[in-house]
Amino acid sequence: MLRMNHISKEFPGVKALNDVSLTVENGDIMALVGENGAGKSTLMKILSGAYEMDEGELWIDDEKIENPTPAKMIEKGVAVIYQELMLLPHLSVAENIYNGRYPKNKYGKIDYKKMNADAKAVLDKLHLPVDPEEKVVNLSVARRQMVEIGKALSKDAKIIVLDEPTAVLADSELEGLFNLVRALSKEGISFVYISHRLKEVFELCNKVTILKDGCFVESGPVEDYDTDKLVARMVGRVMTDIYPEREHVIGETVLKVENLNREGVLHDISFELHRGEILGFAGLAGAGRTETLRAIIGADPYEKGEITYFGKKVKFGTIKEAVDAGIGMVPEERKLQGLHLKHNMIFNMTLPKLSKYSDKFGTISPKQEKKVADEYVDLLQIRPFNSEIITTNMSGGNQQKVVLAKWLASDCKVLFVDEPTRGVDVGAKREIYEILNSLLKEGLSILMVSSELPELIGTCDRICVMNSGRITGVLERGEFTEEKIMSYATMEV
Amino acid sequence: MDTQKNEILKKMKSMGVFWALVVLFLVGCIASPQFLKAGNMINVARQISINGIIALAMTFVCLIGGVDLSVGSQVAVYAIIMATMMKNNISPFLAIPAAFATAMLIGFLNGLGVSKGKLAPFIMTLGSMTALRGLAKYISNGSPQSWRNTDINIKFIGQGYVGFIPFPVIIFIILFLAAFYTLKYTSFGRSVYSVGDNKEAARLNGINVPRTQLICFILTAFGSFVSALVLTSKLSSADPTAGDGYELTALSMCYIGGISTMGGVGSITGTLIGACLLTVLSNIMNLVGINSYMQNIVQGLIVIIAVLLGGLGGLKRKKKA
Ligand SMILES: Nc1ncnc2c1ncn2[C@@H]1O[C@H](COP(=O)(O)OP(=O)(O)OP(=O)(O)O)[C@@H](O)[C@H]1O
Ligand SMILES: [Mg+2]
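In order, the protein sequences belong to chains A and B. Numbering follows this note's numbering, in which position 225 of the first sequence is assigned residue number 228; successive positions increment by one, without gaps. Numbering follows this note's numbering, in which position 167 of the second sequence is assigned residue number 174; successive positions increment by one, without gaps.
Worth flagging that the hints you see were computed from the coordinates, not collected in a lab. Just so you know, these numbers come straight off a predicted model, no measurement behind them. Among the hints, a few may not be true.
Said to hold, decoys possible - Partner residues are not named here, just some residues of chain A that face chain B (Cβ under 8 Å, in silico):
{"no.": "1", "residue": "Leu25"}
{"no.": "2", "residue": "Thr26"}
{"no.": "3", "residue": "Gly30"}
{"no.": "4", "residue": "Thr72"}
{"no.": "5", "residue": "Lys323"}
{"no.": "6", "residue": "Val326"}
{"no.": "7", "residue": "Gly329"}
{"no.": "8", "residue": "Met332"}
{"no.": "9", "residue": "Glu335"}
{"no.": "10", "residue": "Gly341"}
{"no.": "11", "residue": "Lys345"}
{"no.": "12", "residue": "Leu357"}
{"no.": "13", "residue": "Ser361"}
{"no.": "14", "residue": "Ile367"}
{"no.": "15", "residue": "Val477"}
Here a beta-carbon is modelled for each residue, glycine too, at the ideal position from N, C-alpha and C.
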């Protein structure tokens with residue numbers, strides 16, 4: 004059993020946690036929910052020993068833990084699986100599971116045979132058909148996540164924390180993970196489960212704890228809640244529909260892609276994007292959705308195919324050309340591809356279009372920059388409300404908002420968004436959709452890749468479904484259903 | 008209020024080395040009556056400029072996460088080119104542009120190796136450092152080159168004064184302001200920080216990463232050229248061993264000033280403070296007569312201590328955080 008009592012934690016300028024308590028019984032699957040920046044990850048980092056708490060107590064099975072450090076907490080059976088997976092991609096599955104504690108023979112040489120056999124036993128227990136000698140890079144994200152859980156189990160973890168595990172998974176990949184969590188909880192292992200997808204909370208968890216602005220709101224069995232009540236407690240007000248209404252005024256073709264081919268990755272991709280339209284791309288992980296976007300903007304090469312942009316044939320050789328032509332790209336991995344983590348929000352938001360903040364001699368006006376950045380902080384409710392915060396110190400969802408704000412501030416004509424609301428809370432999601440709507444009305448066009456089907460169904464005008472690098476079906480707004488999308492996404496090609 | 012608190016914290020951190028400089032200054036005043044005399048101060052300023060010009064350029068390369076080891080050898084090459092030409096009675100109006108053109112070419116090649124050739128800056132410039140030192144010796148046949156022709160008078164660049172301020176100091180101030188402006192107020196400056204912080208994100212923001220890298224290496228070549236010009240005109244001669252160790256001095260100044268070896272963070276003001284700190288230190292040691300071997304030991308330790316203190320400051324805050 005885990006008890007965290009009256010925990011407080013302050014960062015310079017931010018009170019991240021204020022007298023928060025959390026109790027998890029053996030075999031519980033406890034949902035931890037709250038808006039972006041509510042303090043969920045911070046609480047879990049205190050549990051793992053990564054951060055020191057300012058005040059509070061930590062108890063595991065009636066033992067008070069003094070001065071928790073990462074090593075001590077691992078020994079006590081705590082494992083935290085962070086949102087950014089920590090596996091080493093070029094090592095094998097077995098090497099990852101036993102990283103840092105390789106079994107050795109009596110001469111100190113690593114005993115690979117034993118290690119692989121042990122790893123195999125762990126994987127079998129999880130019913131995971133993975134070869135322990137396989138390199139981690141070759142596994143899907145879903146499989147990697149399960150390997151992380153296997154690693155935790157091999158360390159005899161009793162309390163496993165999953166921080167937004169499904170943000171990187173497609174809906175269809177959830178089942179395996181959920182079954183695994185349920186099975187382990189029956190054996191008495193406790194879980195803390197953080198997610199912004201509330202549907203999963205009801206599907207998987209038996210209890211829920213709600214945080215808001217670093218404070219404890221309430222805790223109780225899941226049966227006491229429905230989505231509306233949960234959202235109301237999280238955001239502090241009642242929210243009806245997260246997908247706002249909009250007028251669909253669709254204009255001329257702005258981007259036309261014909262027979263785009265990239266050896267082994269993309270096959271005969273053709274589609275048209277119109278002014279004022281959101282065109283969705285659905286599919287399983289690895290279907291080629293991100294690769295399609297990357298080929299168009301010149302991030303990846305392609306062998307064959309024609310792209311017409313505002314009536315002109317184009318082939319963007321570098322991303323710079325695409326950006327100069329008015330295409331923005333919100334990438335899939337905000338930390339690796341989206342943000343400059345050593346810099347503040349202002350730096351990040353103004354970077355793609357500095358000319359907007361410069362005079363005719365090219366002198367940038369920091370005042371002007373700050374003004375615009377502050378506007379977006381306000382508009383997207385980015386927390387903390389301070390555009391001079393270095394982005395590495397921000398919560399995941401708020402970082403995502405910064406990446407979006409950057410392109411919203413850059414006056415693009417076409418916006419490519421790859422998993423735009425990954426890790427963003429419900430309240431902010433609606434704000435983001437509203438902003439996208441107002442931009443669509445002004446004539447922006449959007450290509451949206453998303454693994455969340457409700458998001459695609461709620462926002463898109465048309466959806467292209469992909470499988471194995473091919474478009475297997477195109478659906479019009481009237482005919483969207485999850486079943487139809489899934490049937491195209493899994494269609495043999 | 009939170010904003011203010013953050014601002015102050017940030018200031019304090021960047022001020023750390025500054026306070027060290029202030030303390031050192033006071034130590035200087037106490038240690039030697041000569042220290043504060045106008046003559047000595049002007050001398051210090053001149054010394055800061057000569058070493059600092061390259062450090063200013065090096066700041067750009069460090070900010071993109073690189074390093075240019077070849078600057079010292081570059082100084083020798085440009086100095087030898089100018090001196091050899093003028094020794095043969097070629098007008099400085101030809102000799103100086105010739106050296107300048109060579110500098111642009113060498114900077115371009117270094118930059119090309121890094122940006123297109125995808126070589127690690129350390130490797131690329133390690134190679135060019137050795138090769139260029141060889142080139143300087145080859146051109147001069149290994150011996151110093153000096154000119155006697157009194158028609159050629161470019162002494163002003165290295166030795167002249169404007170009012171009571173040495174001309175190299177003026178050059179340094181102009182270059183400092185230009186660098187300050189570029190890093191803070193131009194989109195090129197932003198590209199430099201952005202490439203140093205996260206190349207992939209920079210690329211997705213439409214930043215031309217190879218071009219940014221290329222320009223940074225052209226800047227260090229330019230810095231080396233200016234330094235060579237000041238040096239040669241001051242001495243009316245050039246030595247193929249000139250500039251030896253300049254790369255290390257320049258790097259020390261950058262790192263003492265708080266530029267991250269990984270790139271992405273730091274400021275040109277930091278480099279200026281780093282340059283002042285190192286120069287004032289060696290001036291004081293000269294004044295009180297500490298022997299030069301001992302001086303080297305102290306200078307080396309100062310680099311380690313300064314960076315350690317900067318890092319500890321960061322660590323401490325993280326822990327408290
Ligand atoms: N290392 C840090 N330094 C300074 N502030 C931090 C640091 N880590 C987190 N914070 C701040 O603490 C607050 C809580 O952040 P936390 O990451 O716990 O939020 P979260 O609930 O996990 O949000 P999300 O749903 O967006 O992931 C935020 O305001 C954040 O900016
Ligand atoms: Mg988080």
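Verification of the hints:
With 8 Å as the threshold, the beta carbon of leucine 25 of chain A stays out of range of chain B, its nearest partner Cβ sitting at about 21 Å, so the hint is violated. Proximity of threonine 26 of chain A to chain B is violated relative to the hint, the smallest CB-CB distance being about 26 Å (cut-off 8 Å). For glycine 30 of chain A, the interface hint is violated, since its Cβ never comes within 8 Å of a Cβ in chain B; the closest pair sits about 34 Å apart. Contact between threonine 72 of chain A and chain B, as hinted, is not supported at the beta carbon level, the nearest pair being about 12 Å apart and thus beyond 8 Å.
Against a cut-off of 8 Å between C-beta atoms, the interface hint on lysine 323 of chain A holds, since the closest Cβ of chain B lies about 4 Å away. For valine 326 of chain A, the interface hint holds, the least distance from its beta-carbon to any beta-carbon of chain B being 3 Å, beneath 8 Å. The interface hint given for glycine 329 of chain A is broken, as the beta carbon of that residue sits about 10 Å from the closest beta carbon of chain B, more than 8 Å. At about 6 Å, the closest approach between the beta carbon of methionine 332 of chain A and any beta carbon in chain B falls short of 8 Å, and the interface hint on this residue holds.
For glutamate 335 of chain A, the suggested interface contact is broken, since its CB lies about 11 Å from the closest CB of chain B, more than 8 Å. A distance limit of 8 Å between C-beta atoms decides the matter here; for glycine 341 of chain A the minimum to chain B is near 6 Å, and the interface restraint holds. With its C-beta approaching chain B no nearer than about 5 Å, lysine 345 of chain A sits inside the 8 Å limit, and its interface hint holds. Hint status for leucine 357 of chain A: holds, given a least beta-carbon distance of 4 Å to chain B, under 8 Å.
The criterion of a C-beta within 8 Å of any C-beta in chain B is met by serine 361 of chain A, whose closest approach is roughly 7 Å, and the hint holds. The interface hint given for isoleucine 367 of chain A holds, since its Cβ lies 5 Å from the closest Cβ of chain B, which is under the 8 Å cut-off. At about 27 Å, the closest approach between the beta carbon of valine 477 of chain A and any beta carbon in chain B exceeds 8 Å, and the interface hint on this residue is violated.
The earlier numbered hints that this structure contradicts are 1, 2, 3, 4, 7, 9 and 15.
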